[in-house]
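Enquirer: Could you put the whole structure together from the sequences, leaning on the hints where they help?
2 protein chains.
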Amino acid sequence: MGGMESKVKAALWALQGGTSVVIANGTHPKVSGHVITDIVEGKKVGTFFSEVKPAGPTVEQQGEMARSGGRTLATLEPEQRAEIIHHLADLLTDQRDEILSANKKDLEEAEGRLAAPLLKRLSLSTSKLNSLAIGLRQIAASSQDSVGRVLRRTRIAKNLELEQVTVPIGVLLVIFESRPDCLPQVGALAIASGNGLLLKGGKEAAHSNRILHLLTQEALSIHGVKEAVQLVNTREEVEDLCRLDKMIDLIIPRGSSQLVRDIQKAAKGIPVMGHSEGICHMYVDAEASVDKASRLVRDSKCEYPAACNALETLLIHRDLLRTPLFDQIIDMLRVEQVKIHAGPKFASYLTFSPSEVKSLRTEYGDLELCIEVVDSVQEAIGHIHKYGSSHTDVIVTENEKTAEFFLQHVDSACVFWNASTRFSDGYRFGLGAEVGISTSRIHARGPVGLEGLLTTKWLLRGEDHVVSDFSEHGTLKYLHESLPVPQRNTN
Amino acid sequence: MGGMESKVKAALWALQGGTSVVIANGTHPKVSGHVITDIVEGKKVGTFFSEVKPAGPTVEQQGEMARSGGRTLATLEPEQRAEIIHHLADLLTDQRDEILSANKKDLEEAEGRLAAPLLKRLSLSTSKLNSLAIGLRQIAASSQDSVGRVLRRTRIAKNLELEQVTVPIGVLLVIFESRPDCLPQVGALAIASGNGLLLKGGKEAAHSNRILHLLTQEALSIHGVKEAVQLVNTREEVEDLCRLDKMIDLIIPRGSSQLVRDIQKAAKGIPVMGHSEGICHMYVDAEASVDKASRLVRDSKCEYPAACNALETLLIHRDLLRTPLFDQIIDMLRVEQVKIHAGPKFASYLTFSPSEVKSLRTEYGDLELCIEVVDSVQEAIGHIHKYGSSHTDVIVTENEKTAEFFLQHVDSACVFWNASTRFSDGYRFGLGAEVGISTSRIHARGPVGLEGLLTTKWLLRGEDHVVSDFSEHGTLKYLHESLPVPQRNTN
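Heads up: the sequence lines are chains X and G, in that order. Just so we're aligned: the first sequence equals residues 1 to 491 in full-length UniProt numbering. Just so we're aligned: the second sequence equals residues 1 to 491 in full-length UniProt numbering.
FYI, nobody ran anything at the bench for these hints, they're computed from the structure. In this text, a Cβ means the ideal position worked out from N, Cα and C, and glycines have one as well. Take these hints with a grain of salt, some might be off.
Some residues of chain G that are not near chain X, with every Cβ distance over 10 Å (derived) [to be verified]: (1) Asp38; (2) Arg96; (3) Ser127; (4) Gly135; (5) Asp145; (6) Lys158; (7) Gln185; (8) Arg254; (9) Ser257; (10) Lys265; (11) Asp291; (12) Asn399; (13) Ser420; (14) Val467.
Pairs of lysine-lysine residues, derived as DSBU-like cross-links and limited to a Cα-Cα distance of at most 35 Å, are as follows [claimed, not checked]: (15) G:Lys120 with G:Lys203; (16) G:Lys120 with G:Lys158; (17) X:Lys345 with G:Lys120; (18) G:Lys203 with X:Lys246; (19) G:Lys203 with X:Lys268; (20) G:Lys7 with G:Lys128; (21) G:Lys358 with X:Lys246; (22) X:Lys401 with G:Lys265; (23) G:Lys268 with G:Lys226; (24) X:Lys158 with G:Lys386; (25) X:Lys401 with G:Lys246; (26) G:Lys158 with X:Lys128; (27) G:Lys358 with G:Lys345; (28) X:Lys358 with G:Lys246; (29) X:Lys268 with G:Lys477; (30) X:Lys386 with G:Lys7; (31) X:Lys268 with G:Lys386; (32) G:Lys265 with X:Lys265; (33) X:Lys246 with G:Lys265; (34) X:Lys386 with G:Lys203; (35) X:Lys401 with X:Lys345; (36) G:Lys477 with X:Lys477; (37) G:Lys339 with X:Lys246; (38) G:Lys203 with X:Lys203; (39) G:Lys477 with X:Lys401; (40) X:Lys265 with G:Lys268.
Expert: The following block contains the structure:
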């Protein structure tokens, strides 16, 4: 109400006091939406008076560019998307000097402010760029058959045919921490799957990310879809991005499990793909083979203990205590310098006394292992359901019936028999490009390939079909005939 | 800190003032979790002092019962799950008198407090129960091949085989409004797909829901899985349930689009399957056939205007204005008494003047239709992307090239050519049991059958396979051979 002049005066007066102001029309919710909640949710409605100067497009504008760029990307031929990725791979090696000099700036600015392992992740090198380029070419190869694949065909009635085809999800927001090599890799995955992409990198890698993003856009521009991949300004808060549910269809955090947990908490109504925990179990059954068990435990725990698919809890059948099998496992763990934490039941049995576990639900991510005793496969399954994270759980046994019982009953993304937990991985599963591992139960579960970045749409081709013709007194009947699905989309 | 006595005294003193109190241990976050946030999130930790007496199990206990009951349900043979559903169908007709008398109580209590359409939805009848029983038998029939189906098999290496199989999602929370017939139907869908289920019905149907839930549990008990389906107390707030993200894997609101919107807002980190809006478009191209267009518009708009797949916006190519085709459509709409709202461009063309639209993004759900003019198929697509809800959009044309362009470019769950929007439906698509229609881009999209209640898990069967054998200097190489998938699971 009132004149605009008084509003602007009030805004200026507030600004002088250091408070930013929004002037917006809140009188017609049908036309303008719910203005106050929109402003609170960080949308750019009305006029914003602030001392801070905006630079470049707003996130909303970037989201729209990613959406429309992604839509164009999705309608390209698969070969054209592959070409873009190959071109990006070429640029990574051709423009090596520029990339490394930008990266050097980041490293210099980070010097003394970041811990050594973080600096290492931040740093790029010729060999890193080379293997990145090789990875990109693999993504290009596995992208050929992803978008536009026909999954199902049904004849609904004469000349009325239904088709379910794969399509990109839409706009992805990928949030990554210090590693700048994430950018071209994630960019290639989005391009391969025809998705628009918003990238949010860490401040510490700003120079590297800027050049890598420019190269990605250069590659995209060979088919006129430069804007499909957008780099979000480092000023934008992750929490604010996670609220843009009209704009973003899927969030993929790439980084520590803490990052994943933070994003899962911040995401309001936008699905998040990722695993926040990998508490993997191995149950060594009474009928396990001595040599296999020891070999499997060592590979699962010691090969790369920081990985999410590394073993964290070893469940041993009670009958095995004080047998050569058990001694062999304990000796191996000593040799490998694995610190043992005893579960309550295992602790009460021991004469020597390793530290008792603080919690049976711990992801050590290091050369540490919890050992607990169980009386049966049922008890092992109960323990896994109670303390596990539904990531990857393994049974070691020679008894096929026990193994199948375990495989059927354990409710985890990956359940293995006589195999290392470490096979839980997109590349090892043969899924081609690895997008991540998901412990969500919705959409993709377990190791996720390019398929995880796709959804489907239904196409129905008719002549002039109306549903009233199929009513009780209508002239037509539903056929619902399954039709053969082409093995490859030749579109 | 301090003695327990003083804490209890303080609690009693607060109680006398009408304030409930929680006494909980917050000193060891590692052991007890983050107590204050747990309490704020409505979890039952510590000791709760309140004047309100609790009745029956807590929601948390019900969630656990649904989880473990569901897990047992999932390990039954498909025939056993079908038997349970058949038994429930029998009970619905055998126990008709009891059900109808409970329903009568609800109706009597609602009399005068609910509007006539709501009373009608609340009311059950012999014929409603009979058709419900028929629906249940259809669900039983379509459930045979759902859980445990092998989707993919890969030979990773010699004697190391990977399998991806369908499994239930876990625990579903279904929230429904006045219609009590929802309960057995949703119960049957959960049983068919092996999921645990929490049901939250409306207060107004409490008596009916109670007896229908008892019958569902009676049916479940023939295979000892009575607890897989739980009816949540009407006292529990929907908002509180939507916070139980550790307990619930998927929320399915069944009711008005307002309910779906409310739930989508309330759900914290739990995915919601449903469509909040169905703003369906039909684009009549310059090369459309006169008779087809009129027939398709009538069926899409007039056959059942309250449905989410009914037509809301008709886009007409400019060349058609003042042609017989256009006149025929307008005449038909007059005969059918459809109120026309003109889009801005259409309004400026008209000499007569129907009401101009308030918003181009409106779901009328009634005999009302927005008409707008576009200059090309590209403009039609742009309009649909800007104002649509990605539900169902149709092109009417005789030009196959234009049609295919539309099918490829429109980014909606369902895109049709020369067919009524009303085909967008699980039954009409031949998906068997209808779970709902989803406008989400993650997991299920469009009409959803039983598959929408399933996820997958990965089973890996090895001998003693470890990943270090596959390293650069290892003895094994990945084969990643695709293996044939059995056509039906005979498990």
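Enquirer: Regarding the assertion that G:Lys158 does not contact chain X, is the least Cβ-Cβ distance greater than 10 Å?
Expert: holds, 13 Å
Enquirer: For the pair supplied as a hint, G:Lys339 and X:Lys246, confirm whether the alpha-carbon distance does not exceed 35 Å.
Expert: Within the cut-off at roughly 30 Å; holds.
Enquirer: Can you confirm whether the C-alpha distance between X:Lys265 and G:Lys268 stays at or below 35 Å?
Expert: Judged against 35 Å, a Cα distance of about 8 Å means the pair holds.
Enquirer: When you check the alpha-carbon spacing of X:Lys358 and G:Lys246, does it fall within 35 Å?
Expert: It holds: about 21 Å lies between the C-alpha atoms, which stays within 35 Å.
Enquirer: Can you confirm whether the C-alpha distance between X:Lys386 and G:Lys7 stays at or below 35 Å?
Expert: holds, 32 Å
Enquirer: Starting from X:Lys246, check that the Cα of G:Lys265 is at most 35 Å away, please.
Expert: It holds: about 13 Å lies between the C-alpha atoms, which stays within 35 Å.
Enquirer: For the pair supplied as a hint, G:Lys477 and X:Lys401, is the alpha-carbon distance within the 35 Å limit?
Expert: The hint holds at about 29 Å.
Enquirer: Would you check the hint for G:Lys477 and X:Lys477, treating anything up to 35 Å between C-alpha atoms as holding?
Expert: violated, 54 Å
Enquirer: Is it the case that G:Asp145 keeps its Cβ farther than 10 Å from each residue Cβ in chain X?
Expert: holds, 12 Å
Enquirer: Does G:Lys120 pair with G:Lys158 here, judged by a C-alpha cut-off of 35 Å?
Expert: Since the Cα atoms of G:Lys120 and G:Lys158 sit roughly 63 Å apart, the hinted pair is violated (cutoff 35 Å).
Enquirer: Within a Cα-Cα threshold of 35 Å, do G:Lys358 and X:Lys246 meet the stated pairing?
Expert: holds, 21 Å
Enquirer: Can we trust that G:Lys265 is non-interface, i.e. its beta-carbon lies farther than 10 Å from all of chain X?
Expert: Given a closest Cβ separation of 7 Å, the condition is violated.
The earlier numbered hints that this structure contradicts are 10, 11, 13, 14, 16, 17, 20, 22, 29, 36, 38.
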